[in-house]
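Chains C and H, in that order, give the protein sequences.
Numbering-wise, the first sequence is residues 519 to 1024 according to my numbering.
Numbering-wise, the second sequence is residues 61 to 221 according to my numbering.
Some hints here could point you the wrong way.
[What the hints assert, rightly or not] Pulled a few chain H residues facing chain C out of the computed Cβ check, cut under 10 Å: (1) 103; (2) 112; (3) 114; (4) 119; (5) 160; (6) 213.
[To be verified] According to the in silico footprint, chain C covers these stretches of chain H (three or more CB under 8 Å from chain C): (7) 74-86; (8) 138-152; (9) 192-202.
[Said to hold, decoys possible] From chain H, some residues computed to sit far from chain C (all C-beta separations above 12 Å): (10) 92; (11) 217; (12) 218.
Hints listed in this document are in silico derivations from the structure and should not be mistaken for laboratory results.
From the three backbone atoms N, C-alpha and C, an ideal C-beta is built for every residue, glycine too.
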Amino acid sequence: MLEGILSGLETALSFQNLLMVVAGCLIGTLIGMLPGLGPMSIIAIMIPIAIKIGDPSAALILLAGVYYGAIFGGSTSSILINAPGVAGTVATSFDGYPLARQGQAGKALTIAAIASFCGGTVGALLLLGFAPSLATVALLFHSAEYFALMIVGLAAVAAFAGTGQVAKALMMTVMGVMLATLGESALFNAPRFTMGIQDLQSGISFITLAMALFALPEALYLVLDPRRSNRGRGNGDAIEKLRISRSEAREIAPVIGRQSLQGFFVGVMPGAGATIASFLGYAVEHNIARGEDQAKFGKGSIRGLAAPEAANNAACTGSFVPLLTLGIPGSGTTAILMGALIALNVAPGPRLMVDNPSIFWAVIISMYIGNLVLLILNLPLIPYIAKLLQVPRNYLIPFILFFTMMGSYIGQNNATELLLLTGMGIAATIMRFAGFPLAPLLIGFILGQLLENNFARAMNLSDGVSFMWERPMTAGLLVFSAVLILLPSMRARLAKWRRRGVAPGD
Amino acid sequence: MTLERAIAGIFVVVCLVYGYTAFVTMEEALLPFERNMMFLPNTLPKWLSVIGILTGLIVVIQSGPASRPEADPDEIDVRNIRQYKVGQALSLLALMAAYALLLRPIGFIAATTLFLTAGATVLGERRYLVLVPVSLFASLFIWYLVQEMLGIFLRPLPWFF
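Model the full structure from these sequences, guided by the hints.
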């Protein structure tokens, strides 16, 4: 193994491959900032270039660089204009955007960059150590467990909602899962709930829904209340300030540590991926935090920003474990990478480590290098990226609206999608007026399809719903999700009783 | 009736329609051999409609003036909606719909330039000497980036070219 690592190190550190990492990170960051072009589409676009390179290690290194760059680029649009272009960065916008609105965009981007770096680094180190043995654990997860894991993910939305908001959050989650059942599903080719409209047959696209739920209402809020955009701008100096204080660093260090580990292990399981890792990371940190820290979540907490960023990047690294060791792509992005690998005449799977050790290890090592390059490249760029917010309001708002529309148009090349975006955006704004949390809707939508597929598989395998109590791991996860839903309301009730017990002050 | 209750109420009605489709319409459309299958296209929708009606009703019952969290200066107060720039917001939404309808017929560059210029004008921008060139440059730049560098087709010019 040591020999393999050394030969991988030699490959990764060659001048050509270092150049590939740098180029990949730059391209990924720049294109990833456009909402609508997530890592998956950027990698798909880069594949022809990668194949032209010919050398599989160099090509994979370039693509891995693009992958990381795109994820970081996606975080910047989540933080600056509340337009998460990628499902994995939705949780980043929960606290990143409020921070930017408080005039601390520079700091928010720095925290995101550092948390991503640490997450990616921890992920790469764990991958180095555990890749072979982790593959066997990932195989223990069957469809029943995946179904239960999705339920845990959905139940975790209870953590997003404050006291008294649990019912609303659950309602929005159910609405999201219902939206996911629109159109044809992967298992049946009959259109469902399309009301005969042909454009709905392929369902609602994720990016349109994400833009309609987050970016569009936010832009409309900026229009409705002009004071809002002034508040977000802060003074010129603060916005570019990158530095985080020592106490802040101390605050986020444990969060990043925990979430890097958790994110990696979630990422290892095929099908879970960065999205679930980031939501779970956010939910777990929200529950761990106490008192004032907990109240800050959703209003610009640096913990709430660091958690999903670290988890998301660690999970991205983790998702390479099943790809490289078993040949099973765990996410859409790794599936495309697998296609690229096969086109380059490399068969990912258990034999990869034996047959092509230098490719296997070079990719892992260049992931680490990619993270480092990303940090070095992006930290100096942050002041310029953050300045985006100082564009005059009259220009900024039409541009935000234009980018949200581009995001949903590019993916489908269908102008009906834009009408759908406008309609859903209006509905989302009205729901936001009424104080309904919108994030659970999107989470329900993302997990809905995975949930149905795994539910179907589990039910077919066990001839009914008996798998829910017959498989210990499934039962355990389901009980855990019930606890997650009930805990907040129990807590609120306990607090009420306690208050009653104490005599009111005079 | 608060807005919150109204939304939850509408959601319950939607769930009823959704449930009717799942329990009745889709059930009738099943083929004979499908009836013995464990998992059907309407299995999850059936569960969802029941859970949806329950959660919707809980929100209707729970929500009232008391359940609203304290007023947040960042949120918009619907009761005083008139103090906000509703006209501007509605005009921008109308512009978005117009963009959607015009994008194919008049081409990407013209539609985008018009949208950006009109959008800024709605918001009060009057320096057209700056605005029009900026919009034109931005639409040309994005078109070049998306079509020429990324290879995603966007029709640049109107249909008659």
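A quick look at each hint next to the structure:
Using the Cβ-Cβ criterion of 10 Å, the hint placing residue 103/H at the interface with chain C is satisfied: the shortest such distance is roughly 7 Å. Below 10 Å, beta-carbon pairs count as interface contacts, and residue 112/H has one with chain C at about 4 Å; its hint therefore holds. Annotation: residue 114/H was flagged as interfacial toward chain C, and the flag holds, the nearest CB pair being 9 Å apart, inside 10 Å. Satisfaction of the interface hint for residue 119/H is found here, the shortest Cβ-Cβ separation to chain C being roughly 5 Å, below the 10 Å cut-off.
Interface hint status for residue 160/H: upheld, as the beta-carbon distance to the closest one in chain C is roughly 3 Å, under 10 Å. Look at residue 213/H: its Cβ gets to within about 7 Å of chain C, closer than 10 Å, so that hint holds up. Counting residues of the segment 74-86 of chain H whose CB lies closer than 8 Å to any CB of chain C gives 4, so the stated coverage by that chain holds, three being the minimum. Judged by the Cβ-Cβ criterion of 8 Å, the segment 138-152 of chain H is covered by chain C as claimed, because 7 of its residues qualify and three suffice.
As drawn, the segment 192-202 of chain H meets chain C at 3 residues by the rule of a beta-carbon pair under 8 Å; at three or more, the given contact holds. Listed as outside the interface, residue 92/H is consistent with that label: its C-beta sits roughly 15 Å from the nearest C-beta of chain C, beyond the 12 Å cut-off. Under the 12 Å C-beta cut-off, the non-interface status given to residue 217/H relative to chain C holds; the minimum distance is some 16 Å. At the 12 Å boundary, the C-beta of residue 218/H stays outside the reach of chain C, the nearest C-beta of that chain being 15 Å off.
In this structure, none of the earlier numbered hints is contradicted; all agree with it.
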